[in-house]
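S.K.: Assemble the complex: chain E is given as a structure, and chains C and D must be docked to it using the hints.
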Amino acid sequence: MVDRAGALAERVWQRYDRRERLIRYAVLLATMMLVYWAVRDIDIFWPWVWDAPNQISSLGARMWPPDPSRLAAIVNAMLETVHIATLATLLTIFVALPVSYIAAQNTTPNRACLWLGRFILVSSRSVNTIIWALLFVAIFGPGVLAGILAIMCRSVGFIGKLMGEAIEEIDRRPVEAMQATGASKAKVIAYAVVPQVMPAFFAIVILRWDINIRESTVLGLVGAGGIGVILQGSIDTFAWPTVATILLSIIVLVLIGEAITSLLRRRVI
Amino acid sequence: MLEISKLVKRYGHDEAVLKGLDLVVEDNSVVAIVGASGAGKSTMLRCINRLVEPSSGSIRLNGNELVNLRGAALRRARRKIGMVFQGFNLIDRLTVMENVLAGRLGYVSLYQAISRRYPQADIERAFQLMERVGIAQYANKRADELSGGERQRVGVVRALMQEPELLLADEPTASLDPRTSEQIMMLLQSLASELSLPVLINIHNVAQAKTYTERIVGLRHGKMIFDGKPAEFDKDALDAIYGGIEAPDETVSDPQATEQQTDKQHADKPRQRDKGLDEVKHDQA
Amino acid sequence: MTRPESGAAARLWRKPPFIANPVLRYGLWLVLAVYLVWALGSLPFNWERIAEGLPRAARIFGGGFPPSFERAELMLTGFKESFQIAILATLLGVLLSIPFAVMAARNIAPMPVYLLGRAVIIISRSFHPVIVAILFVAAVGFGPLAGILTLTLYSIGFVGKLLAEEIEEIDWGQVEAMRATGAGFLATLFYAVFPQILPRQVGLSMYQLDSNLRASAVVGIVGAGGIGGTLMNAFGRYDYDFAFAILLIIIAVILISEGISGWVRKKIW
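Chains as they are written, first to last, in full-length UniProt numbering: chain E, 1 to 269; chain C, 1 to 285; chain D, 1 to 269.
Hints listed in this document are in silico derivations from the structure and should not be mistaken for laboratory results. Check the hints yourself; a few may be wrong.
[What the hints assert, rightly or not] Below, a list of computed lysine-lysine pairs in the DSSO-like style, where the Cα atoms sit at most 27 Å apart: (1) K141(C) with K235(C); (2) K210(C) with K229(C); (3) K141(C) with K15(D); (4) K223(C) with K235(C); (5) K6(C) with K141(C); (6) K15(D) with K80(C); (7) K19(C) with K141(C); (8) K6(C) with K19(C); (9) K80(D) with K185(E); (10) K185(E) with K80(C); (11) K223(C) with K19(C); (12) K229(C) with K19(C).
For reference, chain E alone in the conformation it holds in the complex:
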């Protein structure tokens, strides 16, 4: 069939030119080799893979029906989870704003502060919440304080980075106008910078609160408080129906969180 087509048409139509094709093949080849290496080298016992669907469905079967007998304890732990996320988000604001101020190129007092700010943001963002939690549990012992600090440490980077970008994106012209009135730096910030970044600030904090709710559901797995503690306990004791209840309540919590954030976003911004 290909032969016939070739004989019929003398003009050859090709989608990509030679160089593009070479790049495409090279990228494809590199990807295939990478995947081949990953599949061959990875430490997986393959018969288990073929058995995995069975195992997963049997776990699912053991979970059904969800057991609501510990609902009261679960709801309490859920509230604790929400408290951790909310308190941590509130506290983060006080840390993140100064950091974003010194990490934004147009407001930073000097280069040393700029690099200090950037260093804080990068180190905060590169370490995952649960790793922060691991560290704080080791220091302060299991409990909600470790959880709050872990969420804070991760959120500072998030809120600080986005606020820093918001500050860098402001309209320069009102700043110039305020300088022309003879206002000091603090006044220029209060009048020309703060009003401009207000909407971004609310959006970022609300967004991070939503994320923090999800993050705080896992803190308990390393002992840092919240619903994760009960989840870990139920899994350890093979109380699968309780696990199912917890999972369902997490879905409910996350959906409620999303509803609240979208409501806030509409009302405030």
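M.R.: Using the frame of chain E, we list chains C and D on its own:
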């Protein structure tokens, strides 16, 4: 009295934008500065209140040298120099009254500024000036709800709130439609005589310059090449200033196009932000 | 400051409050105060244990510095596994996200299919990958298989959601044009829908690879393979110098991968 002598401004190692400018402005006079884009008009104005650092030369306002001022002394000098901007430079998300009171920032304490507790005299003055230019009814509206002409009136009132000894206007009408820009020019002219203020106006529109000012200064390539009464500003002077660069009359319609463009850029911005956020949201990993 | 002589009653001006209704305004402050008291009062803080925190922190950081890179081999094995998990999970996740995205796009999927697609995406987005990982570990045992399954699900949730939104925003005229030529559903999909979402999909894949690499470092904490397990063990054995070494490398790897992924996305878009 404003005395500028041998003013030079050079950005980096490029050719100087201002090449030794001399200018004396008596009290109580309105001076138009005309010239093509890039002639150095805006740089000159900004050198006076030091939004741009002059490279060398001297600028004296009522006998006080401005060029060497630093920190608090500079801010005290700035509060005596009002400035009106081409793009209004209002703080969009604040009310008209807050924008107007911002003209007092050089006088009030930081606490007063942040808590918006301005002295009663300032508030009274703000209302009087706003009534004078016809925007008092908008006091508690947000600045971005106003039309272009109204916004520029806010800009003018803000500058006058500083109780300035000199008013600088950088293309104050370039972002406005022809009718409104006439009104603003008239306003500046009459305010100058009421308050006996020297006013420097950068302006593209030569016809307006001739109608509303008492003296025209022409700049080209950072040098003054014309200085005289509007009546003396003839075809030759026009050619000397704009010749071979661009027709001044074309520039009248030009600014609106640029304003629309900037508006559009602003409208695009929030969308980009949203996308950015969506991506970062994923950072929870 | 006030000028009593100014004839008529002095005109007052107050900044109009952010929230006009005074009841609501002060009510919100009250709500915030009550919430803080409630949250802080109900959270179980173990102050005695927390008080031990500072000496412990000193011991941990003292033990952690300088970080020890002696057991580099163990670290290398862990990172290699993390990479493999990330690569395979991204590949599977991105491929599987396409059918789910089509299912979850309101404009091309019939109602029941749409609801199913949305449900899958919502559920996989509700759970933090660590929770999913712990379930998969329970179902298929410790090791990278659980990690791959976790991150595949995670990728489906994220890429699927954004891709579905992208499909909902496509230029519908192209679809109509294809239908007008008499093309079937799949042909329409391939000619009118996929070309429009492809650039976004490539960018998202790069983003997801970066994201999965970050996540693969933490799913190991609950036993799903990769460097996280090594880190957890080091922490558990109070081997802080090794733990800090792992942390530093994780930060470095994340920064590098973020840089590469950002560069590639900029090139493509």
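S.K.: Does each hint fit the structure? Answer for all of them.
M.R.: Each hint tested on the structure:
no., hint, verdict
1, K141(C) with K235(C), "violated (46 Å)"
2, K210(C) with K229(C), "holds (8 Å)"
3, K141(C) with K15(D), "holds (11 Å)"
4, K223(C) with K235(C), "holds (19 Å)"
5, K6(C) with K141(C), "violated (45 Å)"
6, K15(D) with K80(C), "holds (26 Å)"
7, K19(C) with K141(C), "violated (44 Å)"
8, K6(C) with K19(C), "holds (8 Å)"
9, K80(D) with K185(E), "violated (51 Å)"
10, K185(E) with K80(C), "holds (18 Å)"
11, K223(C) with K19(C), "holds (6 Å)"
12, K229(C) with K19(C), "holds (23 Å)"
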